[in-house]
Amino acid sequence: MKPVKEVGIVGWGSYIPKYRVKIEEIARVWGKRGEWIKDDLLIEEKSVSGLDEDTATMSVEAAKNALKRAKISPSELGAVFVGTESKPYAVKPTSTIVAEAIGATPYVLAADLEFACKAGTEALQCCIGLVGSNMIKYGLAIGADTAQGAPADPLEYSAACGATAFIVGMASSNSVAKLEASVSYVTDTPDFWRRPGKPYPSHAEAFTGDPAYFKHIREAAQTLLSELGLKPSDFDYAVFHQPNGKFPLRVARQLGFTKEQLMAGYLVPWIGNTYAGSSVTGFSAVLDVAKPGQRILLVSYGSGAGSDAFSFIVQDAILEKQPLAPTVKEYIDRKELVDYSLYAKYRGKITLP
Amino acid sequence: MRKVAIVGAGMTKISRHWDKSLQYLFSEALDKALAMTKVGKAEAIFVGNMCAQDLSRQNNLGAIVADYSGHLPASSMRIEAACASAGAAILAGYMAVASGLYDVVVAGGVEKLSDMNTRYVTEALGKASNAEYELFYGASFVSLNALMMKLYMELYGVDRTPFAEFAVLMHKNATVNPYAQLPFEITLDKALSSEFIAEPISLYDCAPIGDGAAVLIMCPLEDASKYADSFVEVAGVASATDTVDLASRDDILLLTSTKIAAEKALNMAKTSPDDIDVVEIHDTFTIMGFVSLESLGLVERGKTPQYVKEGVFEKDGDLPVNPSGGLKASGHPVGATGAYQVAYLTLQLLNAAGKMQVPDPTYGLAQNLAGTASGSYITILKRGR
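Protein sequence lines, in the order shown, are assigned to chains A and B. Number 62 in our numbering belongs to position 62 of the first sequence; there are no gaps in the numbering. Number 379 in our numbering belongs to position 379 of the second sequence; there are no gaps in the numbering.
Read the hints as simulated data drawn from the structure, not as lab findings. Here the structure is a predicted model, which is why all the values come from computation and not from measurement. Wrong hints could be hidden among the right ones.
[To be verified] Derived pair list, reagent style PhoX-like, types lysine-lysine, alpha-carbon separation capped at 25 Å:
{"hint": "1", "chain 1": "A", "residue 1": "Lys64", "chain 2": "A", "residue 2": "Lys291"}
{"hint": "2", "chain 1": "A", "residue 1": "Lys38", "chain 2": "A", "residue 2": "Lys335"}
{"hint": "3", "chain 1": "A", "residue 1": "Lys215", "chain 2": "B", "residue 2": "Lys13"}
{"hint": "4", "chain 1": "B", "residue 1": "Lys226", "chain 2": "B", "residue 2": "Lys190"}
{"hint": "5", "chain 1": "B", "residue 1": "Lys190", "chain 2": "A", "residue 2": "Lys32"}
{"hint": "6", "chain 1": "B", "residue 1": "Lys190", "chain 2": "A", "residue 2": "Lys246"}
{"hint": "7", "chain 1": "A", "residue 1": "Lys215", "chain 2": "B", "residue 2": "Lys20"}
{"hint": "8", "chain 1": "B", "residue 1": "Lys150", "chain 2": "A", "residue 2": "Lys32"}
{"hint": "9", "chain 1": "A", "residue 1": "Lys38", "chain 2": "B", "residue 2": "Lys190"}
Kindly generate the complete structure, drawing on both the sequences and the hints.
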């Protein structure tokens, strides 16, 4: 897919809460051997939101960072999309809270999007469409989650918290990465789901692998590459959704990408899987270090299931904008370890009668 | 009784076949088996299966597979004997041909475990135990096997190493098996350091969960050359039962049903354990492989660890065990497993087992178990033509 007008990213920013819980600590509570789980998932620790944090507050932090780099007024935003599966309200938009908090209201389109872990790139697709058709000048696309993993479920070792925001505008001297093209690939594949009123998701174990994650990412990425006439070696960076440490490494290998292309955006060992924030935060970390002229592949994956694949070329303005907001690495380095009990309290897993 | 031959054997790869149904898998294996023969249509089908009602919400597999595979109006029925369902189907097929009731019989098994999550699979499989006295109290098959392994280790003064060495051999064998679910090698260290499932059983002591179907075409031995250029003889078949709950046995490391069935089958085949050139045994867990070899009378009790170390069970050893990789690494689609074992042996005796082939075998023995050997089905094949 290509918009009529050339579209680019004019600002980006992330937010990762400062608390971390180690995999061994979760394993200790459930009587599992931490090193086995770490070896299996390739995750050291995961990010944990604080008591006063949720998807809305994290989205606001990420949006503010994106605005600093975009150097635009929030009133110029024509759309605010928040992609998440952990909405603070089941009914009542998160996007209105974010839009109001950053000063983008009232003449703005606002909506929450849900597509498991790919809602962040869906927000990006929507903004690309609206900007590329000239309906709006700038759009704000956010992927954010305070992800749920039931106590003792394998997902508890990876489900983490974080947010990333992009401001999309016309490709210009103010944009940092120009979109080449994108592909969305979707099937009805029920590998992971959460029913209304349920606090934690269900999943179909190994079914989340080959027929779900790997198939959708491969199809989306290969279609994009073939439409653009590109091969893996034409890219300087590749970012894939990161539900654990193994999957992105394996899908990169399957597609012919090297570990070196992956590493700048490979964050899961230190923050876990931030769901709708996962692949977009990896992309954000790549923008933090990318140089003009470099090419970046971004492929998300959302259970249910689908993948969005994008190819971006980095532009000159990036160098000037990189220092204007905290980098993903700075957020990763800013951390405070908590034990399981504080983690359980912060994440609302302890309810008093 | 008429003598019975196997003229065709077909298998699907054992895998997590997300997109294939029970009937699809069975038909695929049946078509492959028929392709080895001049048989057009089956007169009767015996389909082994354990879990269709629990994991695929489907019963009446007899009619389902006959219809789907294009073999209406053949007589067709499902046979359930837990993990030995296919072994029982082969026995039924044998009886049908030997008795003269039918001339061309399809016997095999199909299982689809990956449609549901592990806890449902564990529960469905656990129903092969005494559900009231074992399963209800949390005794799954892995925990029952863990009790056996602990006792074996204590009684014979061995650690987990020989069990891990057996797993390493099974994985090595599976690398050349085109039907195997886990066709990769593992190191001894990887096997020993893998996660405990129920101590002392760790991940690499266990057969994986998988889907698959295997099918054999049986006919009277005297007519075999009408249907195929080469065939094997079913020289001996027998089955026996034992207490379903492990706790009621005097000696939990002796699989009495296996011992009795093996003696009967060997007697029927007019042969002895020394004549057996290759075996496919029911190693759901490595410990079950050890006690199976000893209960079959192939290995002196307590000597399996030593034999593993000495390489006796390697493909070119004195007693090749599971050149397919066994349940451990070839896979264990439970209600189809017994048919895989006999299909692998059929290929061995036809000298058609490719890189799995052991040198020039005359007799092969398959041992298929229900639960912790509450039922044993022994099939002895002899090279035909």
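Distance restraint between B:Lys150 and A:Lys32, which requires alpha-carbon spacing of 25 Å or less
holds, 21 Å
Proposed proximity, B:Lys190 with A:Lys38 (alpha carbon, max 25 Å):
Satisfied, since the Cα-Cα distance of roughly 15 Å is no more than 25 Å.
Compare the distance between the alpha carbons of A:Lys215 and B:Lys20 with 25 Å, and conclude whether the hinted pair is satisfied.
With a Cα-Cα distance of about 17 Å, the restraint between A:Lys215 and B:Lys20 holds, given a limit of 25 Å.
Assess, step by step, whether the Cα of B:Lys226 is no farther than 25 Å from the Cα of B:Lys190, and give holds or violated.
violated, 50 Å
Proposed proximity, A:Lys32 with B:Lys190 (alpha carbon, max 25 Å)
Distance ~18 Å between B:Lys190 and A:Lys32 Cα, so the pair holds.
25 Å limit on alpha-carbon distance, applied to hinted pair A:Lys38 and A:Lys335:
Holds. A:Lys38 to A:Lys335 sits at ~19 Å (cutoff 25 Å).
When you check the alpha-carbon spacing of A:Lys215 and B:Lys13, does it fall within 25 Å?
Holds, because 20 Å separates the two Cα atoms, which is no more than 25 Å.
Pair hint outcome, B:Lys190 versus A:Lys246 [Cα-Cα no greater than 25 Å]:
Holds. B:Lys190 to A:Lys246 sits at ~18 Å (cutoff 25 Å).
Decide if the proposed pair is consistent with the structure: A:Lys64 and A:Lys291, CA atoms, cutoff 25 Å inclusive.
Given pair A:Lys64, A:Lys291 holds - Cα atoms ~23 Å apart, limit 25 Å.
Against the hints set out earlier in the document, a violation occurs for number 4 only.
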